[in-house]
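> All chains, full assembly: derive it from the sequences and hints.
Chains as they are written, first to last, in this note's numbering: chain G, 599 to 1055; chain A, 599 to 1055.
Read the hints as simulated data drawn from the structure, not as lab findings.
Quick reminder that beta carbons are idealized off the backbone N, C-alpha and C, glycines included.
Do not rely on the hints blindly, as some may be mistaken.
[Stated by the list, open to error] With a straight-line cut-off of 27 Å between C-alpha atoms, the simulated DSS-like cross-links for lysine-lysine are:
#1 A:793 x G:762
#2 A:744 x G:784
#3 G:622 x A:784
#4 G:821 x A:762
#5 G:710 x G:654
#6 G:868 x A:945
#7 G:604 x A:945
#8 G:784 x A:793
#9 A:880 x G:945
#10 G:945 x A:614
#11 A:821 x G:821
#12 G:784 x A:868
#13 G:654 x G:718
#14 G:945 x A:868
#15 A:604 x G:821
#16 G:604 x A:821
#17 G:945 x A:604
#18 A:622 x G:821
#19 G:728 x A:821
#20 G:880 x G:706
#21 A:762 x G:784
#22 A:945 x G:880
#23 A:654 x G:793
#24 A:793 x A:744
#25 A:821 x G:784
#26 G:654 x G:707
#27 G:821 x A:784
[Unchecked claim] Which bits of chain G does chain A cover? Going by a derived footprint, with three or more residues having C-beta under 8 Å, they are:
#28 679 to 685
#29 1031 to 1037
Spelled out, the chains give:
2 protein chains.
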Amino acid sequence: MQEVEKLLEQAEEMVKNRSFKELKTLLCDLQPQDIAALLSDMDREPAAALFRLLPKDQAAEVLVELDSDQQAALIGAFTDKELAPILDEMFLDDMADLVEEMPAGLVKKILKNTDPESRKTVNDLLKYPKDSAGTLMTPEFVDLKKNMTVRECFDRIRATGPDKETVYTCYVTDEHRRILGVVSVKDLLLASQDKPVSEIMETNVITVRTTDDKEEIAHDFDKYDFLALPVIDGEDRLVGIVTFDDAMDVLQEENTEDFEKMAAITPSEKGYFEVGVFTHAKNRILWLLVLMVSATLTGNILTRYETAFAAIPVLVAMIPMLMDTGGNCGSQASTMVIRGLALGDMKPRDFFRVWFKEIRIALVVGAALAVINFGRVLLFYSGQDQVKPYLLAAITSLTLFLVVLVAKSLGTALPMLAKRVGLDPAIMASPLITTVVDACSVLLFFSIACAVLGLTI
Amino acid sequence: MQEVEKLLEQAEEMVKNRSFKELKTLLCDLQPQDIAALLSDMDREPAAALFRLLPKDQAAEVLVELDSDQQAALIGAFTDKELAPILDEMFLDDMADLVEEMPAGLVKKILKNTDPESRKTVNDLLKYPKDSAGTLMTPEFVDLKKNMTVRECFDRIRATGPDKETVYTCYVTDEHRRILGVVSVKDLLLASQDKPVSEIMETNVITVRTTDDKEEIAHDFDKYDFLALPVIDGEDRLVGIVTFDDAMDVLQEENTEDFEKMAAITPSEKGYFEVGVFTHAKNRILWLLVLMVSATLTGNILTRYETAFAAIPVLVAMIPMLMDTGGNCGSQASTMVIRGLALGDMKPRDFFRVWFKEIRIALVVGAALAVINFGRVLLFYSGQDQVKPYLLAAITSLTLFLVVLVAKSLGTALPMLAKRVGLDPAIMASPLITTVVDACSVLLFFSIACAVLGLTI
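Here it is as structure tokens:
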């Protein structure tokens, strides 16, 4: 991997010195993703010059890896004669993604330079609902017929393979394009040449539908370690395949989305640097507002106990610790549940099993924290004369113990409940749970304090 | 996918009715992962009975997918005669993982039933440092020689392929086992049969070392969409390959670890249900303690302002909102940075670029929140007579604006700083940032309140 870094530095040097001939040789040794990274750091004009050095197939791969702004700049700079052969090398699912991202003028330019058949396929791909398998699949796969021998299968793979995203998983279909079986190139290689493919194909084929959610499909890849999955339409016809690399991207996108949701951010599909300040602000402000207004509740509870803490102000000093610890305990539980649900390790039907476990964890954690807090209060608050230190310690520790129980319960219940009613469990994370637990902590603390210390509100 | 659910239900039914003959046929149609899930829900005895129905190669795949407790139960129940052929079908990297998980008695049983050569390889694999490429790789790959023709390459693949985890990426090595090039089966299929492989192989091969961190390797897969990556030792000899499915698992594990760290949980490699209550408690308590004791600081700041809020108790009612909003703003920024660093979209050298962006976002978000908070305070706190409502609103809104700025700054800076000094940025997430921001919020609020309202402390 350090080699790559070195090659990239050399390439940057060559760009500076405009030694394009050397650069051309060097570029052949680089992966499309690395060339894309190189282009991202360059100005528009030298970037276009470098891009023109690439062989057409490599150019197509690099173009796919770029940000949409850079794609638009390059496509805008190309003549039709330059653009057409690059588009010709591009896989159709990638072209559909490209068309979706580009402004209308460039879409026209792209489609004009695409052959009619590909244009039709790209248009079909663009019609599938957002986030469905249809938008993720490529219609370019190897299909075989059941009466073919292994030798004929290889002939077909050789004839049609160059344009396919993968040749390693081939599908045997009937005249209505329905799947009869699946066969891997490994199985074909290990079988005798004259065997009919129908004898070696696997007939129990796991398929997905064009309308299936792409996240579910990504999880299937994660679970089953497939190289590719066949996609069928409403009439069970094989219309495309999804490959593992696209599934891996979906998995990572989904994880990023969960991280964002769990931090009270409305997820964005674009990269951090691609999005402007106002869009970032917009994505963050909605939840902040909801939570800010909700925090009014905790404020109101505090207002009810004004006379209590006006008489014994040191009580107020306990609030941050109780609120923070409650929030942290709640988000620990909710994170475990949200992640468990996302990975499929937990199901909503496991609710009571998880809840019972969390309650037991809460008993252990709560007891340990209560004991240590007792010492902490004695240590830091023995100097004040508003309330006996051991009483203050006892009130705080009892509250803490109960808060941990409440927080773990809510942290388990809310994401599970969200899943059950069809919401994304990830929204029931730290920020929301913290707000709810805050109100509980304050209420518990002052109820206990007033009862123990005989305060009236 | 619904088909799978149906098959699993049928299988459960057959287990109940002990109709093992039908079950045997049905099992052939299921993926190893699904059979493993089926076994997990069964008692020990029928599980072992079902497992014995499986053909040896499928049995090996299923065994790999089970929890370590279940693996131990099954291996313990097997006779040597039953165990040996299953182990014989197992990939050596999987066997190494299995040996690592099993108690000493069973390890002995496993190694006794393994042929001497495999035993040696497994022992070698177990010597690699934790979380290194060495622990992730399989030593079973197809190696070719440079003077082979395409036809001879296929002969070699056919001869050695059945035992290999993947045959689709083959490596051309010299007599010292150093890599000369890489060739895919697709390229071999599309080339003419008499061409020497040296003419079609790619000579610029991206390799990783046995000692490389497995997370970095997972990111290489995510970036480059490779099927497999070759692993070389300290003397540049090819010793194994890592395949995409293992990389995908590492990626998911790493994401889970980040989720856990960001929720103040010490990550565990085992599943939620596999870990006992006390271990869960232990994994959660460390950070809770650290943060609880840190919250003493915020408590102490509050104690300094006792006279202020004893005189105007309504000030206390503003604290939860300020603390929560500050914490949320900080964790939004830190999540963006932690995720950006994890995916490689941000580098520590981007610090000022990110920080400047976050400051601008904070200005927009802070201003919007301040305006709305002004209205909120007027709406909810006009009834009290301790302080003029518009003054209370102004003090809170000004504090809020400043808190948002501080929170976004800290949320950006702390993870970046952690990365720079070699710590995991994920620990600088919501819980820690909340604790730091809390202290700032309270200090800012009372400083401003005392100044504006002319209170002395």
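> Now tell me, hint by hint, if it's right for this structure.
Status of each hint after checking the structure:
no. : hint          : verdict
1   : A:793 x G:762 : holds, 23 Å
2   : A:744 x G:784 : holds, 22 Å
3   : G:622 x A:784 : holds, 25 Å
4   : G:821 x A:762 : holds, 20 Å
5   : G:710 x G:654 : holds, 18 Å
6   : G:868 x A:945 : holds, 17 Å
7   : G:604 x A:945 : holds, 18 Å
8   : G:784 x A:793 : holds, 21 Å
9   : A:880 x G:945 : holds, 25 Å
10  : G:945 x A:614 : holds, 23 Å
11  : A:821 x G:821 : holds, 20 Å
12  : G:784 x A:868 : violated, 33 Å
13  : G:654 x G:718 : holds, 22 Å
14  : G:945 x A:868 : holds, 17 Å
15  : A:604 x G:821 : holds, 18 Å
16  : G:604 x A:821 : holds, 18 Å
17  : G:945 x A:604 : holds, 18 Å
18  : A:622 x G:821 : holds, 23 Å
19  : G:728 x A:821 : holds, 24 Å
20  : G:880 x G:706 : violated, 32 Å
21  : A:762 x G:784 : holds, 10 Å
22  : A:945 x G:880 : holds, 25 Å
23  : A:654 x G:793 : holds, 24 Å
24  : A:793 x A:744 : holds, 11 Å
25  : A:821 x G:784 : holds, 26 Å
26  : G:654 x G:707 : holds, 18 Å
27  : G:821 x A:784 : holds, 26 Å
28  : 679 to 685    : violated (count 0)
29  : 1031 to 1037  : holds (count 3)
Taken one by one, the earlier hints fail for this structure at numbers 12, 20 and 28, listed in ascending order.
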